[in-house]
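Student: First to last, the protein sequences are chains A and B. Just so you know, we're using my numbering here: the first sequence kicks off at 54 and counts up by one. Just so you know, we're using my numbering here: the second sequence kicks off at 14 and counts up by one.
Hints in this document: simulated from the structure, not taken from any laboratory. Given the structure is predicted, the values throughout are model-derived calculations rather than measurements. Note that CB positions come from ideal geometry on N, CA and C, so glycine has one too. Warning: the hint list may mix true and false statements.
Claimed, not checked - Footprint (simulated), chain B over chain A, 3 or more residues, beta carbon under 8 Å:
| no. | stretch |
| --- | --- |
| 1 | 119-132 |
| 2 | 138-148 |
| 3 | 151-157 |
| 4 | 200-207 |
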Amino acid sequence: MLEATGLHVSYGPVAALAGVSIKVAKGELVTVIGANGAGKSTLLRALSGLIRPAAGQVRFDGKETTGLASSVLVQRGLAMVPEGRHVFPEMTVSENLDLGAYYRRDAAAARLDRERVFALFPILRDRLWTEAGRLSGGQQQMLAIGRALMSRPQLLLLDEPSLGLAPAIVQLLGRILRDLNVAGVTILLVEQNARMALRLADRGYILANGRIAGTGTGEELLHDPAVQHMYFGSLEA
Amino acid sequence: MIAQQIVNGLVLGSIYALSALGFTLIFGAARVVNFAYGQLLMLGGFATLFLAQYAGFNFFVALPVAMLAMAVCSVLIYVVVVRPVLGQGDLAVLLVTTGLLYILRDGAVIVFGTAPRQIDMGVEGIVEIGDVIVTNQRLVVVGALIVLVVALYLVLYRLRIGKALRAVAQNRAGAEAIGLNVNRVTAFAFAISGALACAAGGLLGAIYAAEPGMGDLPLLKSFVIVIFGGLGSVPGAIVGGLVIGMTETLAGSYISFAFKDVFTFLLLIAVLLFRPTGLFGGKVA
Chain A
54 MLEATGLHVS YGPVAALAGV SIKVAKGELV TVIGANGAGK STLLRALSGL
104 IRPAAGQVRF DGKETTGLAS SVLVQRGLAM VPEGRHVFPE MTVSENLDLG
154 AYYRRDAAAA RLDRERVFAL FPILRDRLWT EAGRLSGGQQ QMLAIGRALM
204 SRPQLLLLDE PSLGLAPAIV QLLGRILRDL NVAGVTILLV EQNARMALRL
254 ADRGYILANG RIAGTGTGEE LLHDPAVQHM YFGSLEA
Chain B
14 MIAQQIVNGL VLGSIYALSA LGFTLIFGAA RVVNFAYGQL LMLGGFATLF
64 LAQYAGFNFF VALPVAMLAM AVCSVLIYVV VVRPVLGQGD LAVLLVTTGL
114 LYILRDGAVI VFGTAPRQID MGVEGIVEIG DVIVTNQRLV VVGALIVLVV
164 ALYLVLYRLR IGKALRAVAQ NRAGAEAIGL NVNRVTAFAF AISGALACAA
214 GGLLGAIYAA EPGMGDLPLL KSFVIVIFGG LGSVPGAIVG GLVIGMTETL
264 AGSYISFAFK DVFTFLLLIA VLLFRPTGLF GGKVA
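Construct the complete structure from the given sequences, taking the supplied hints into account.
Tutor: Structural data, given as structure tokens:
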């Protein structure tokens, strides 16, 4: 479904990505874990058309999409939940969701998708007429995911959805991502919270200093001594 | 007497509000301070003048046509002058739009000459309410503000592209992430801005006169109003415009006409001291 080969991105003289290749097959839940500054967000931004890679290739849904704008990719079925949620603070929850469906012409189907979003996140229905800026962090994250789902994506990219959320909310989000994936949405999840991400994921990549430093199934990486040492401390069983 | 001055202030404030609205919209959507904005107002004044005086259109036809033309003109300014330097820092935008200011104003001096010319609105008569006297022309100005504000709200809250404009203004990163076309939205903001500048210019030309320097003061006033009301805030521009217009008129007639601008800036200093984000300013950094 999504394949990136040899992606290079630099910010001035600093190379953020130095030849990253990853692959996400249809129906998978894949995670990219890595420390702060490893290049995770840059990778997602390059995949979703927010920045143009200096070199390398991105293919989505069988077609080359390198350098295409995010407005094009959204219409082809790739949606992005950015780090830090970035909801529209002075608009209501309802308006935020509508903007997620900006390019859709099928109003009736969009209304159904809205119901699906409410089924996943009932709190959004309760707070439909609240300004997004007044929601809690967890609710804003749910809104950001719901907004992305309103474009009816085949592939959902999430950038650090657990950032700054209470553990109970992180668990809830994990369950919801799992459900979404089971319901047919392919997911690429970028996380610093390696344990949460690897437990959820079919497969994972480890990103370090702009390169892929390891890959395996979620289970394998979770029990990989190097990963354990790096992320969980050595006492972890 | 005081009621009369309040009405006069309302008329001046309406023109200020219109010009500040166009100025604040671009800032909100694109974080661009357009120094050539006052010249759009001036060109709008002349466009209305020529359509009304020389092409023989009724003022109320001439003004909307001129607004459309200035919307296009404003988009051209965005595409040709502003967009190429976006991302090169605020100073680059400031310099190119200032350059454009001088090109347009001095170009207008060459083409139109410096003689002020009044636009004939074709509206006669006065209205008397108690001892307050208002010319119908001035009522048209207030009416135009009301009509255009309602239209602007409809555009921003009902049209798809208007909603996208608000989204971009509120959270640009979020708008990009969900694939809104920020470039197109910015061009749209410039179009609306040009139309509003033209409305202010046409009305100013009818109440006072159209001349090449007519955009200078409105640019300065728009600056003050937008800082006063909150950068990028639509209600801030409306309320700010009316308050500043009122302050100038009242201070000008009761305290000192020569120093009327002093009170505007005193008000601005007070707002900046006690509410640095402006009256309606939210989380804009």
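Student: Each hint: holds or not?
Tutor: Here is how each hint holds up against the structure:
{"no.": "1", "hint": "119-132", "result": "holds (count 8)"}
{"no.": "2", "hint": "138-148", "result": "holds (count 8)"}
{"no.": "3", "hint": "151-157", "result": "holds (count 5)"}
{"no.": "4", "hint": "200-207", "result": "holds (count 3)"}
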